[in-house]
Structure formats: structure tokens, C-alpha cells
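Undergrad: Read top to bottom, the protein sequences are chains A and B.
Under the working numbering, residues 733 to 866 are what the first sequence spells out, in order.
Under the working numbering, residues 13 to 328 are what the second sequence spells out, in order.
None of these hints come from the bench; they were simulated from the model.
Don't take every hint at face value.
Covered by chain A, according to a simulated footprint, are these stretches of chain B (three or more residues, beta-carbon under 8 Å) [claimed, not checked]:
#, segment
1, 179-193
2, 223-232
Just the calculated beta-carbon pair ranges, DEER-fashion [said to hold, decoys possible]:
#, chain 1, residue 1, chain 2, residue 2, range
3, B, V48, A, D738, 46 to 54 Å
4, A, A771, B, A213, 48 to 56 Å
5, A, A756, B, I298, 29 to 37 Å
6, B, I298, A, E777, 42 to 50 Å
7, B, W327, A, A771, 35 to 43 Å
8, A, R789, B, I141, 17 to 25 Å
9, B, W166, A, E777, 25 to 33 Å
10, A, L829, B, A185, 21 to 29 Å
Looking from chain A toward chain B, a few residues come up when the C-beta cut is under 7 Å (computed) [what the hints assert, rightly or not]:
#, residue
11, Y743
12, A744
13, L776
14, E777
15, W783
16, P786
17, E792
18, Q793
19, L846
20, A858
Glycine included, C-beta positions come from ideal geometry on N, C-alpha and C.
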Amino acid sequence: MDLKRDPQDIYARWLGAGAWLAFALSLLALFLYAGGVLAPFVPLERLPQLWGLPVERFREQTGAPTDWDWIGYLRYGDYVGLAAVCLFAVLSLVCYLRVLPAFLRHGERLQAALVAAQIVVLLAAASHLIPGAR
Amino acid sequence: MPQSLGRNTITGMRLVLLAAAIVWASPAAAAGQSPVAWWVWPLALFAVTFALGVVAVLAGVGGGVLFVPIVGAFFPFHLDFVRGAGLLLALSGALAAAPALLANGLASLRLAMPAALVGSVTSIVGALIGLALPADILYTALGATILAIALVMWRSRRSDHPEVPANDPLGAALRLHGVYHDQATGRDVEWKVWRTPAALAAFAGVGVLAGMFGLGAGWANVPVFNLLMGAPLKLSVGSSGLLLSVVDSSAAWIYLHRGAVLPMLVAPSVIGIMLGARIGVRLLRIAPAAAVRGTVLALLAFAGGRALLKGLGVWA
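Let the sequences and hints guide you as you build the complete structure.
TA: Encoded structure:
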């Protein structure tokens, strides 16, 4: 059915489903984190002394990971919450990947090139390959 | 009766923001100590973002542009975390609205794509600059930017259906034209745009500001689409949300990788503003829009002035 669909309809459908999933998982993650079901990496009681610090000093004080290293901390409630937050940031990339073949099928090569370039930018940002980002 | 309900709601919103200001102004908070339990701040954040969600809808602005200056001014969180949360807040709001707008033709993927590509690259640059700058310079720049935004919002005029003689060559090549059905008038509206190169340059500048300060950028995207490119107002508003969802995604990764996104700040803010926006939509018919817009502009001016003076060391 997607063969005949306009790329905009495909984008809308995937974005709608993804956004719904991200919101539901964010609520679940907040419950697990703030409800104390999963222990946090940074104790909740310490947060008021830490969240006023610049991010570098916050990391020094807590030993919090950077880049994708937090994947190894998913047993902690705060990083389950972060994983849910990341879903919001990854949705556009997923939708662009989905509409690339649709633009090609419609013969819209310039639009497909734009989509491909956008995918490269989003992948570079997500993979932390941007020069100076580290 | 409905109008008094609207006025009462607005008064309630003002009281919530005032309460946050009082908590913020307490001596212990000013000293960076925590006289209250940890959960009080996320709860206050939820209450304030709920209020922001209501007034943002009523004033016709995105919640993201209100979040960073107001939470940055009245809460004890460092600006690094406030900007990270601001980006995610603007992103989640845009994601919630974009699918329906796309499906109804009130947002155009083809119109948003070139702007999103340019804005994504510059928003990443903006995020890197923002995370490298010292806090005082950042507060000064944020204050000046917010005051400028308030001025733009106050002075800007919008055009429902701007006259566009023809697509410019780049716009034609990118197929930046189409038709959408306006349910309010019951007719199909044909649209096309021009001045595409100038608009892309403008979107590049907006992307830098969005990434640097963690702001939603609807306040700038809509005038560029509507007044510069000549897109109909409804299409401009819808496409602005879609554009924002891509641009803010790019910048959000920079903040996420640096560790500048705290779920305890993001989650209550996102939930608060989403619930507030739902109430705002219901109040839209009965609330005094001019008064709300005036309140929002005053809030922005106050929060911008506060950030500017904080950055200059006048009001630490």
C-alpha cells in the first residue's frame, strides 16, 4: 500500500506512531525513576545540590557518563528516563529513513537528495561524530 | 460566565508563576542550598510548565520560547540543563502536533525539508557554541535575544494569504507549492513560495539561536515562512512545527551526549506543558487573547531583562 502513498502521508503515519510510543514510554520511565522502582545512579536527594552546577562540574561530581556510554547504565532509573527522552530525538531520523525510498519511487530525486543529506546530519549528531562535539 | 472563567484561569496562571518567583527568591535558594525536599522543584516545574502550556496556546506561541528564559530566571537549575530540557520540551510539543498537521495538509514536508536541513546544521553549531560559552556571556546573549524576540512578537504582522506572483527558480525546483483544504472557509487553498534563498539564510540564523539557547523557534520560523516566503499563515504555523521537530532533534543530540539532559527536569516539563496545552486549547474560545498575549510579552520582557542583568552582573 505504501508504494502509492505520498511521502508526506508516510512521514505523518510514522511520526504519529513514534510520538505516541515515545510519550507512553516516557511516562513509564518517569514512574520507574521517580517512583523509586529502579534505583537512580545519582541519588534523588543529591539532585538539588547538583543541578545548579555547569554540566562539566555535574559530571565531575557524579561520574555521570557522556556520549553513548550511558547505555551501560540502563539498570538505573535516571538512565531509563534518558533512554525514553532519546526516543524523541531519534524519531525524525527514523521518519526520514522511511520516506527516502518513497521519494525515489515518486521520481523526486532532488527531494531524495535532501532527505539523504538530512539523514547524514542527524546520524552525525546522534553518533557524536561532529568535530568539536566531544 | 465563560469569560470570567477565562480571566480566573489567567489569574491562576499568573499566581503559579508568582509562587515560583517567591520560591526562587528565597534566601536559601539564592545561596544555592536546598531548604526543601528534592521533589518540590520538579513538582514546581510541572506546575509552571502547565501554566506555560496554557498561556502558550492562548498567546499563539510555542512553549519552548517561554520555558528557557522563565525557568532559567526563576529556578535553581543551571542554564546548561535548562537549555537541554528546553530543546526536548519544544521537540516533544512539535512531535505531538506535527502528525495531524501533516495528515491534514496544514504542514508541508516538502516546504519544511530544505529549511530543516539548513537549520539542523546551524543548530548543531549553535549548541556547540552555547555549551562552550561562559555562563555570564550566555545569560547576557540570552537576555538580549529574548528581549529581541519579545519585540518581534509585539511588532510582527501576519498575512493570511500573501500574494506570490510565481515560484522562484529554487522553490520551483524543490516543488515548494501545493494545495491544502481550509476547513474554516471550506475551500481549497493553492500556495507557492518565493525568495527561497533568502529564507534559507534566515533559517540558518534561526537554527544557531535555537541550538545555542535551547529555544523553540516558531517565533521566527512562522514569519520567515509567511512574510518572507509568502506561504499562507496556517501552512506556515503547521510547517514551522515540523521544521522545529527536525532542527531541535539535531541540537538535542549535542546536549544529550554532553550529559546536559536531566530526565528529572525534562519529564515533568514535557508532561506539564502537554497537559497545559490541552487545557489551553479548550480555553481558546473564551479567554481574553489580547490580555494573555500582553502577559506573555511582559513575562518574556521581564525574564529577558533578568537574564541580561544577571549576565552583566547587575542582578546576580
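Undergrad: Which numbered hints does this structure break?
TA: Failing hints, ascending: 2, 9, 17, 18.
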